[in-house]
Amino acid sequence: DAGVTQSPTHLIKTRGQHVTLRCSPISGHKSVSWYQQVLGQGPQFIFQYYEKEERGRGNFPDRFSARQFPNYSSELNVNALLLGDSALYLCASSFTSEYQETQYFGPGTRLLVL
Amino acid sequence: AQSVTQLDSQVPVFEEAPVELRCNYSSSVSVYLFWYVQYPNQGLQLLLKYLSGSTLVKGINGFEAEFNKSQTSFHLRKPSVHISDTAEYFCAVQTIIQGAQKLVFGQGTRLTINP
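Protein chains in written order, with our numbering: chain B, 7 to 120; chain E, 854 to 968.
Don't read these hints as lab results, they were simulated from the structure.
Small disclaimer: the values here were computed from a predicted structure and weren't measured.
Incorrect hints may appear among the rest.
Unchecked claim - Not everything, but these chain E residues come out facing chain B in the computed CB check (under 10 Å):
#1 A870
#2 Y885
#3 Q895
#4 L897
#5 Q898
#6 S905
#7 S907
#8 T908
#9 T925
#10 A945
#11 T948
#12 L956
#13 V957
#14 F958
Glycine included, every Cβ here is placed at the ideal spot set by N, Cα and C.
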């Protein structure tokens, strides 16, 4: 079975541009979460979507937005890119949004902002 | 608020030696604990998880972890490591905040296996 897939794998942007990252969850999973992993740190929670609705967001500015589509895939959008947005962006999926559900991660999209 | 502390940022070990990666957590509610491994230039792979039941949890690649509620710890162990175990290891606690299922990660421990 296919795991979580993300595209693109790598991306280079300049300050002020915007970027769209894509994620396809494991088949049957209805929840998608996004995490940002800055070099040398653990991942930080950005968003969770379940059944196409936002369930919550972490401590990130409004430049970050996301959505989930009817097929449960998801997009993360970041506007007005800053140098500090350079990071590995990880998508995770789970069957539901319940407390005990395990989240499975994709390979990530590495974003470099110049 | 939940938090996770990984007590060692780097752990160098010789091949075939035992290893323990330490993790302490703080939580005011029931905990669900996870260890993930990240190989170079890759995403996170689930090693093992504690949801309930036996406090000794076995995972993939010969790893195991023990949940200790009184010491609020969830240390990861392997009796004999291999070169292929070289990676970054993350301990995480899962929580629900304002309706969102969220993993709170530690800073990671870089395990380096020397021949």
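Verification of the hints:
no.: 1; hint: A870; in the structure: 26 Å, violated
no.: 2; hint: Y885; in the structure: 5 Å, holds
no.: 3; hint: Q895; in the structure: 6 Å, holds
no.: 4; hint: L897; in the structure: 4 Å, holds
no.: 5; hint: Q898; in the structure: 7 Å, holds
no.: 6; hint: S905; in the structure: 8 Å, holds
no.: 7; hint: S907; in the structure: 16 Å, violated
no.: 8; hint: T908; in the structure: 16 Å, violated
no.: 9; hint: T925; in the structure: 18 Å, violated
no.: 10; hint: A945; in the structure: 8 Å, holds
no.: 11; hint: T948; in the structure: 8 Å, holds
no.: 12; hint: L956; in the structure: 6 Å, holds
no.: 13; hint: V957; in the structure: 8 Å, holds
no.: 14; hint: F958; in the structure: 3 Å, holds
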